[in-house]
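A.B. asks: Residues per chain are reported as follows:
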Amino acid sequence: MDYFLQQFVNGLTLGGVYALVALGYTMVYGIIQLINFAHGEIFAAGGYMGVILLSYLASHGLMETHPWLGLGIALVLSMGYCAILAIAVERIAYRPLRGSSRLAVLLSALGMSIFLQNGLMLTQGVYDKAYPTGFTQGGIDFGNVHISLMQILILTLTTSLLIGLNLLVFKTRIGKAMRATAQDKVMSALVGINSNRVIATTFAIGAALAAAAGIMVGLYYGSVRYDMGFVPGIKAFAAAVLGGIGNMTGAMIGGLIIGMVEILAAAYIPYGGEYKDVFAFIILILVLYFMPTGIMGENVDDTRV
Amino acid sequence: MTHASKKHWIFFGLALVWFYVLLWPLLGIKADGTLDFTAAFPVWIRVAVVGTICMVLFTLKTMGAFRFLHGPIESVRENLNATYSRTPKWMIFLPLLALAIAYPFYTGRYAQDVMVNVLIYVCLGLGLNIVVGLAGLLDLGYIAFYGVGAYTYALMSIHYGLSFWLCLPLAAIFAAMAGCIIGYPTLRMRGDYLAIVTLGFGEIIRIILNNWMSLTNGPNGILGIKAPGIYLPEIVDGSFTFEHLYMKKLGMVYYIVLGLAVFTIIAVHRLNFSRVGRAWEAIREDETAAELMGVDTFRFKLLAYAMGAVFGGLAGAFFAARMRFVSPESFTFLESALVLAMVVLGGMGSIPGIILGALALIALPELFRDFELYRMLAFGGAMTLMMLIRPAGLIPAKRMGKRSEEEE
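If you read the protein sequences in the order shown, they are chains A and B.
All you need for our numbering is the position in the first sequence, starting with 1, plus 176.
All you need for our numbering is the position in the second sequence, starting with 1, plus 124.
Just to be clear, a hint being listed does not mean it is correct.
[As the list claims (entries may be wrong)] Sample of chain A residues facing chain B (criterion: CB under 10 Å; computed from the structure):
1) S276
2) T348
3) Y451
4) P468
5) I471
6) M472
Quick caveat, the hints were computed from the structure, so don't treat them as lab data.
Yeah, the Cβ is synthetic: ideal placement off N, Cα and C, and Gly gets one too.
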C-alpha cells in the first residue's frame with residue numbers, strides 16, 4: 177500500500193507536468209485546429225532558459241541566500257522568453273499559412289520543430305546540461321511515503337498555474353475573446369475581436385505554461401537535453417486528445433491520467449519501465465478508436481477532426 | 125521609396141531586433157556569472173546580412189528592376205515545355221536510364237555511396253507517396269515499415285541463413301502485414317489524428333526494437349548480415365558449375381538498388397493510373413463523396429497503407445543488406461520527417477518531383493559537408509519556408525480533371 181501511495185504521488189507529479197504542456201496543445205488546437213509540433217521544443221527551450229538563468233543567479237550567490245526568489249526570477253523570465261519565442265514562431269510559420277491546407281500548416285509546424293530543436297543544439301551543445309541542485313533538498317514523510325520538496329513544489333506550482341489560467345480564461349476580457357474565437361472565428365471577427373491578436377496571446381500563454389513545465393522537469397530529473405521536448409510533447413498531445421481536444425479541464429485530467437499510467441505501469445508491469453513510453457501511445461490509440469472525442473470532448477463534425 | 129516598401133523595411137528591422145532578443149539569452153548568459161552581449165553578434169550579423177540581401181532583392185523586384193529578365197526566362201520556359209511535351213516519353217527516359225546504368229563506371233566510391241543512399245530514399249519517398257500523395261493520408265510513422273523490412277532480412281539472414289532474394293519478398297510481406305496492423309485500427313480517423321497516431325505507432329515499433337533484447341539485440345543492433353549473393357556460371361575442368369558470389373562491391377550493390385528503384389517507379393506509376401489509383405485520388409479529394417459514389421474507402425485506405433509499406437519494406441531489406449548492420453538508431457522519427465519532406469518538397473503525387481526531392485535532400489547536403497552541423501537546422505527551416513512560398517512542391521503533380529473551385 178505504501179508502495180502504491182508512493183507511486184501515486186510520483187504519478188501525480190509527472191501528470192501535473194504533462195497537464196501543463198497539454199494545455200498549450202489543447203488551447204491552440206481549440207482555436208486554430210493545428211497540432212503545434214513546435215510546442216514540445218518550446219517546452220525544451222523553457223527548460224534550457226531555466227538552467228541558464230539559474231546557473232547565472234547561482235554564480236552571483238543568489239541561490240544560496242534566497243533560493244526561492246532565484247527560482248521565481250528564473251521561472252518568470254523563462255516563461256516570458258518562451259512567450260516571445262512562441263509569438264515569433266506563430267508570426268513566421270503559422271500566420272502566413274492561415275487559410276491554406278491543413279497539411280501545409282502541419283508540415284510547417286514540423287519544420288519549425290526540427291528547426292528549433294537544432295537551434296537549441298547548436299547554441300547549447302549536444303550534451304546534457306545539469307541543473308544547479310541543493311536548494312530543493314528535503315521533504316515530508318507520511319509513514320513510509322516520502323514526498324520530496326521538489327514534488328511539493330511541482331504540485332503547488334502546477335495547481336496555482338492551472339487556477340490562474342482558469343481565472344484568465346473565464347474571468348477576463350481576453351479569455352472571453354479566446355473562447356469566442358475558438359467557437360466561431362468568423363463571427364467573433366465580425367463583432368470586433370482581433371483574431372490574430374487572440375491567437376498570438378493563446379500561443380504565448382501556452383508557451384509560458386510549457387516553459388514552467390520545462391523548468392520543473394529539469395529540476396526534477398536534474399538535467400536538460402536539447403531533444404527533451406519531443407517525447408513529452410507527444411505524450412502531452414496524447415493527454416490533450418485523451419481529455420477531449422480543445423477542452424481545458426479535459427487536458428488536465430488527460431495529463432494526470434497519462435502521467436499516472438506511465439508511473440504505475442513502470443512500477444507494476446514486468447518490463448514496464450523499459451516500455452513506459454509505449455503506454456501513452458497505446459492509450460492514445462485506444463481512446464481515439466473507442467472514444468474519438470475523448471473524455472470531456474463534445475461531438476465535433478468530420479470537418480474538425 | 126514607396127509607402128509599402130518602407131513598411132516592409134520597418135518590419136524587417138523589427139524582426140531583426142526580435143531575433144536578437146531571442147538569440148541573446150541562449151548565447152550570452154554565462155553560468156560563471158557574466159553577461160556577454162557580444163557572443164550572439166556573429167550569428168546575428170550573418171542572419172542580418174543574408175536577410176538584408178534578400179530584402180534588397182525583394183524591394184528591387186517589386187520596383188520592377190528584374191523586368192528585363194522576365195521576358196527571356198518566360199520564353200525559354202515555354203520553349204522547354206513545348207519541347208518536353210512534343211518528345212516521346214521514352215526519348216527522355218532512355219538516356220536517363222543509360223546514364224544511371226553507366227554511373228558506377230565514371231564515378232568513385234564516394235559518389236556511388238551517395239547515389240545508393242539517394243536511390244534508397246527514392247524508394248521510400250515513392251512508397252510514402254502512395255499513402256500521402258495519392259490517398260491523402262498523412263503518415264508520420266512511415267519509417268517503421270523500413271525498420272520492419274530491415275529487421276526481417278537481418279533476422280532471417282542471421283538465424284536461418286536465408287538469401288537476400290528470398291527475403292526481399294518476405295520483407296515486403298511482413299511490412300505489408302505491419303501496414304495492415306497499423307492501418308486497421310487507425311484508418312477510421314482522419315487528418316491530424318491519423319498523423320499523430322501513426323507517429324505513435326512508429327515510436328512504438330522503435331521502442332520495441334530498442335528493448336526486445338533477446339530478438340533484436342536492443343540498441344547494439346545486429347551485426348554480420350550477409351550481403352546479397354548471386355550465382356555466376358563457371359566452367360571448371362570442363363564441367364559446368366555455378367559459383368556463389370556475395371555482392372560486396374559497391375558497384376554491384378548499386379545495381380540492385382537501381383533495380384529496386386526502377387521497379388518502384390514503374391509500380392507506383394502503374395498504380396497511379398489504375399482503378400485503384402483513381403479510387404485513392406477520389407478519397408484524397410473528398411472522402412465522403414468518394415464513399416457515396418461507391419468507393420469502399422476503408423478497403424482502399426488499408427490497401428494504400430499496405431502498398432506503401434511494401435516499398436518501405438523492400439527498401440529496408442536492401443538497407444540491411446547494404447550496411448550489413450541494423451540498429452534502432454536508423455529508424456527514428458526524424459527519418460520519417462525526412463522522407464515526408466522529400467515527398468512534400470518534390471511535389472506530392474508527382475514521381476519526378478519525389479526523385480528530385482530525394483536528390484535535393486540527400487545529395488545536396490553532401491556538397492555542403494563543412495556545414496554538417498547546420499544540416500538539420502537548414503532542413504527544418506527549408507521545410508517551413510517551402511510551405512510558405514511553394515506549398516505544392518517543386519514539380520507539382522498534374523491533377524486529373526478540374527475541381528469546381530479552380531474553374532474561373
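A.B. asks: Hints first: check each against the structure and report whether it holds.
C.D. replies: Results for each hint:
At its closest, the beta carbon of A/S276 sits 6 Å from a beta carbon of chain B; the interface hint therefore holds under the 10 Å criterion. Here the hint on A/T348 is broken, as its CB sits about 26 Å from the closest CB of chain B, past 10 Å. Using the Cβ-Cβ criterion of 10 Å, the hint placing A/Y451 at the interface with chain B is satisfied: the shortest such distance is roughly 6 Å. The beta carbon of A/P468 is positioned within 10 Å of a beta carbon in chain B (closest approach about 7 Å), and the interface hint is therefore held.
With a least beta-carbon distance of about 15 Å to chain B, the hint placing A/I471 at the interface is violated under the 10 Å criterion. Interface hint at A/M472: violated, since its Cβ lies 16 Å from the closest Cβ of chain B, which is beyond the 10 Å cut-off.
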